[in-house]
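K.L.:
Go ahead and model the full structure; you've got the sequences and the hints to work with.
All residue numbers for the sequence shown refer to our numbering, where the first residue is 1 and numbers rise by one.
No wet-lab data here; the hints were simulated from the structure.
Keep in mind it's a predicted model, so treat the numbers as computed, not measured.
A portion of the hints provided could be inaccurate.
In silico DSSO-like cross-links for lysine-lysine, where the CA-CA straight-line distance does not exceed 30 Å [as the list claims (entries may be wrong)]:
id, residue 1, residue 2
1, LYS366, LYS432
2, LYS224, LYS377
3, LYS456, LYS432
4, LYS366, LYS224
5, LYS542, LYS432
6, LYS432, LYS454
7, LYS432, LYS377
8, LYS377, LYS366
Per label pair, the in silico range of CB-to-CB distance [said to hold, decoys possible]:
id, residue 1, residue 2, range
9, LEU446, SER197, 48 to 54 Å
10, SER329, SER162, 36 to 42 Å
11, ASN114, SER543, 29 to 35 Å
12, ASP216, LEU446, 47 to 53 Å
13, SER162, LEU62, 37 to 43 Å
14, ASN114, GLY76, 55 to 61 Å
15, SER197, ARG336, 48 to 54 Å
16, SER236, ASN482, 53 to 59 Å
17, ASP264, ARG336, 28 to 34 Å
Glycine included, C-beta positions come from ideal geometry on N, C-alpha and C.
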Amino acid sequence: MEFLGSFIIIIKFLIVLVLGSYHRLEASPLSITTDKEALISFKSKIFIEHPNNPLSTWDQNLSPCNWSGVSCNELGQRVVGIDLSGLRMTGSISPDIGNLSFLRSLELQNNQLNGELPDQLGVLVRLRTLNVSFNSIGGVIPSNISQCKDLRILDLMQNQISGRIPIEISHFTHLQVLSLAGNQLSGDLPSSLSNISSLVDLNLGTNELGGPIPSDLGRLTNLKFLDLTINNLTGSVPPSIYNMSSLVYLALASNNLWGELPEDIGITLPNLLGLNICFNKFNGTIPWSLHNLTNIQAIRIAHNLFHGSVPPGLGNLRNLEMYNIGFNSIVSSGRRGLDFLEFLTNSTRLNFLAVDFNLLEGVIPKSIGNLSRVLTKLYMGGNDIYGTIPSSIGELRALDLLNLSYCSLSDEIPSEIGLLNELRVLGLANNKFSGELPNSLGNLQLLTRIDLSKNKLVGSMPNTLGNLQNLISMDLSDNMLNGSIPTEILNLPGLSAFLNLSQNHLTGPLPVEIGLLENVAVINISDNMLSGNIPISIGDCKSLEQLSLARNMLSGPIPDNLGSVRGLETLDLSSNQLSGAIPFDLQNLQSLQLLNLSFNNLKGKSPRVEFLQIPLKFT
1 MEFLGSFIII
11 IKFLIVLVLG
21 SYHRLEASPL
31 SITTDKEALI
41 SFKSKIFIEH
51 PNNPLSTWDQ
61 NLSPCNWSGV
71 SCNELGQRVV
81 GIDLSGLRMT
91 GSISPDIGNL
101 SFLRSLELQN
111 NQLNGELPDQ
121 LGVLVRLRTL
131 NVSFNSIGGV
141 IPSNISQCKD
151 LRILDLMQNQ
161 ISGRIPIEIS
171 HFTHLQVLSL
181 AGNQLSGDLP
191 SSLSNISSLV
201 DLNLGTNELG
211 GPIPSDLGRL
221 TNLKFLDLTI
231 NNLTGSVPPS
241 IYNMSSLVYL
251 ALASNNLWGE
261 LPEDIGITLP
271 NLLGLNICFN
281 KFNGTIPWSL
291 HNLTNIQAIR
301 IAHNLFHGSV
311 PPGLGNLRNL
321 EMYNIGFNSI
331 VSSGRRGLDF
341 LEFLTNSTRL
351 NFLAVDFNLL
361 EGVIPKSIGN
371 LSRVLTKLYM
381 GGNDIYGTIP
391 SSIGELRALD
401 LLNLSYCSLS
411 DEIPSEIGLL
421 NELRVLGLAN
431 NKFSGELPNS
441 LGNLQLLTRI
451 DLSKNKLVGS
461 MPNTLGNLQN
471 LISMDLSDNM
481 LNGSIPTEIL
491 NLPGLSAFLN
501 LSQNHLTGPL
511 PVEIGLLENV
521 AVINISDNML
531 SGNIPISIGD
541 CKSLEQLSLA
551 RNMLSGPIPD
561 NLGSVRGLET
571 LDLSSNQLSG
581 AIPFDLQNLQ
591 SLQLLNLSFN
601 NLKGKSPRVE
611 FLQIPLKFT
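P.N.:
Listed below in structure tokens is the structure:
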């Protein structure tokens with residue numbers, strides 16, 4: 001009997017085992033069917049305007065495992081991954097996404113999705129990656145997202161998500177990347193984030209977060225990247241942050257933070273490759289230990305209240321790519337006050353150098369030409385820099401921006417600047433440059449902006465300026481340039497921001513080619529000695545917003561077609577010798593805010609104030 005009982009138990013166990021296997025086999029088709037229905041629901045709420053729509057493969061007659069952007073587990077029984085990134089999808093995320101119970105990865109970044117994150121995401125307990133960055137998703141972060149215990153990456157950056165950061169996020173135990181940057185999140189920075197001990201990357205930049213930085217964040221011993229830029233954070237930085245030895249990148253720029261950087265920051269943060277604290281109220285001196293971080297790539301401390309001198313050690317930074325200490329009160333004195341720049345010749349990867357708007361004094365060292373061959377941006381303006389620009393500047397062939405404005409530089413502009421073939425922005429305004437404009441400026445064919453205003457430049461404008469076909473703005477005002485306006489300048493197709501030739505000694509007529517500047521917004525040629533009539537072609541400048549020809553010797557009538565330049569906001573033709581009737585059509589300029597026709601010989605009724613609703617000035 002005992003044997004028979006044992007035999008029956010064994011038979012029952014085998015029956016249960018067989019039936020269990022049978023039910024599991026039956027469950028698989030049902031499960032993949034459920035996944036298929038969830039995906040079809042997802043598809044119904046989005047739209048892709050693309051000739052090769054990848055969702056066209058989502059055929060109900062096929063297994064989802066054969067659909068584009070869908071991946072399944074090894075046995076093909078369940079959907080485990082969705083990657084539909086960069087498809088320009090519009091629409092919203094279906095709540096039925098929560099039925100994909102085996103989903104491990106959901107990647108919908110770089111689309112145009114809107115709506116809100118469905119609460120049903122919280123039931124995807126196997127989810128490891130959720131990336132919906134770079135969309136237009138609004139609403140709040142669902143608090144139950146913390147139920148996705150296996151989540152490693154949560155990337156919601158660059159959306160329109162608002163509200164507070166849910167405290168429940170701190171319940172994650174495996175999260176390595178938390179990126180909520182570029183949203184509209186508000187409230188204080190939760191100190192409970194320090195409970196996510198697995199965090200490696202924390203990016204909360206470009207939001208509306210306020211309050212102090214919690215000192216508890218210093219407990220994140222695995223954190224390598226901390227980005228809190230462009231928020232409303234206040235107070236001093238807790239010392240614990242400067243003791244996070246794992247940090248590789250620390251970005252606190254554009255907040256309302258103050259205090260001094262610890263002198264030993266380069267010792268307590270030995271792995272630091274990037275420091276960005278621009279646009280705050282940090283004070284004190286630049287820590288000497290920063291220049292001991294031989295692997296550091298970016299030091300960005302501009303727009304603060306730092307004082308003192310540049311500490312030694314710049315020659316140690318061979319991997320430095322960006323050095324920005326502009327807009328502080330850094331000092332140097334004497335003719336050799338800028339010699340610290342010579343040490344940066346060791347930084348062969350340097351592509352951005354800014355020391356502008358400090359209290360630096362001295363001449364530009366001739367070794368400036370020995371700086372990195374990949375240097376693209378050089379800001380030195382707003383200092384007490386005198387002497388000349390060394391001819392070696394022409395060796396910096398990769399420069400696309402050179403700004404030496406608001407200094408005391410003198411002598412001629414070196415012709416070697418014409419060797420900077422990659423230059424797009426040239427700023428030498430508000431110095432004491434004399435002599436003529438070098439013809440070699442015409443070699444800078446990629447130039448988009450040039451500002452040589454407020455100098456002592458003489459002579460005529462070279463015709464070679466007509467080579468600057470990409471020029472958007474030109475400012476040569478407040479010099480002593482003479483001669484006529486070259487027609488080549490008026491035939492620059494890219495000129496759209498402004499043309500400012502005011503306060504010079506220009507003579508001759510205003511060329512009829514002025515009408516070729518169809519896209520320019522501002523023309524200022526006031527305070528010269530131009531004569532003759534205002535060309536009727538001026539009415540072809542349909543994008544004009546400001547036109548000033550004041551204080552010249554222009555005569556004849558005001559062209560009637562100026563009344564057809566609908567966007568005109570400022571029209572100043574005062575102090576000339578204009579005559580004839582004031583065009584009646586000027587009263588049709590609804591955008592006009594300032595009209596000055598005073599000190600001329602004009603006749604007839606002025607435009608009716610009740611139409612213009614602007615302050616008018618007449619003799």
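K.L.:
The structure should be examined with respect to each hint, and the outcome stated for every one.
P.N.:
How the hints compare with the structure:
1. Using a Cα cut-off of 30 Å, the hinted pair LYS366 and LYS432 holds, with the two alpha carbons roughly 19 Å apart.
2. For the given pair, LYS224 sits about 28 Å from LYS377 by alpha-carbon distance, which is consistent with the 30 Å threshold.
3. Distance restraint check for LYS456 and LYS432: the Cα-Cα separation of roughly 6 Å lies within the 30 Å cut-off, and the hinted pair is therefore satisfied.
4. A threshold of 30 Å between alpha carbons decides the hint, and for LYS366 with LYS224 the separation of about 40 Å lies outside it, so the pair is violated.
5. Between LYS542 and LYS432, the direct Cα distance comes to roughly 36 Å. Violation of the 30 Å bound is thereby established for this hinted pair.
6. Under the criterion of a C-alpha separation no larger than 30 Å, the hint pairing LYS432 with LYS454 is consistent with the structure, at around 8 Å.
7. As the CA atoms of LYS432 and LYS377 are separated by approximately 23 Å, the hinted pair is consistent with the 30 Å bound.
8. Distance restraint check for LYS377 and LYS366: the Cα-Cα separation of roughly 18 Å lies within the 30 Å cut-off, and the hinted pair is therefore satisfied.
9. Taken as a hint, the range 48 to 54 Å holds for the pair LEU446 and SER197, whose Cβ atoms sit roughly 50 Å apart.
10. Checked against the hint of 36 to 42 Å, the pair SER329 and SER162 passes, with Cβ atoms roughly 38 Å apart.
11. Restraint check, ASN114 to SER543: a C-beta distance of roughly 34 Å satisfies the suggested window 29 to 35 Å.
12. About 50 Å separates the C-beta atoms of ASP216 and LEU446, a value consistent with the hinted range of 47 to 53 Å.
13. Against the hinted window of 37 to 43 Å, the Cβ-Cβ separation of SER162 and LEU62 comes to about 40 Å, which satisfies the hint.
14. As the Cβ distance of ASN114 to GLY76 is approximately 33 Å, the hint placing it in 55 to 61 Å is violated.
15. Range check, SER197 to ARG336: about 51 Å between beta-carbon atoms, so the 48 to 54 Å window is met.
16. The hint said 53 to 59 Å for the Cβ distance between SER236 and ASN482, and at roughly 57 Å that hint holds.
17. Under the hint 28 to 34 Å, the C-beta atoms of ASP264 and ARG336, about 29 Å apart, fit the expected range.
Going through the hint list in order, the structure does not satisfy hints 4, 5, 14.
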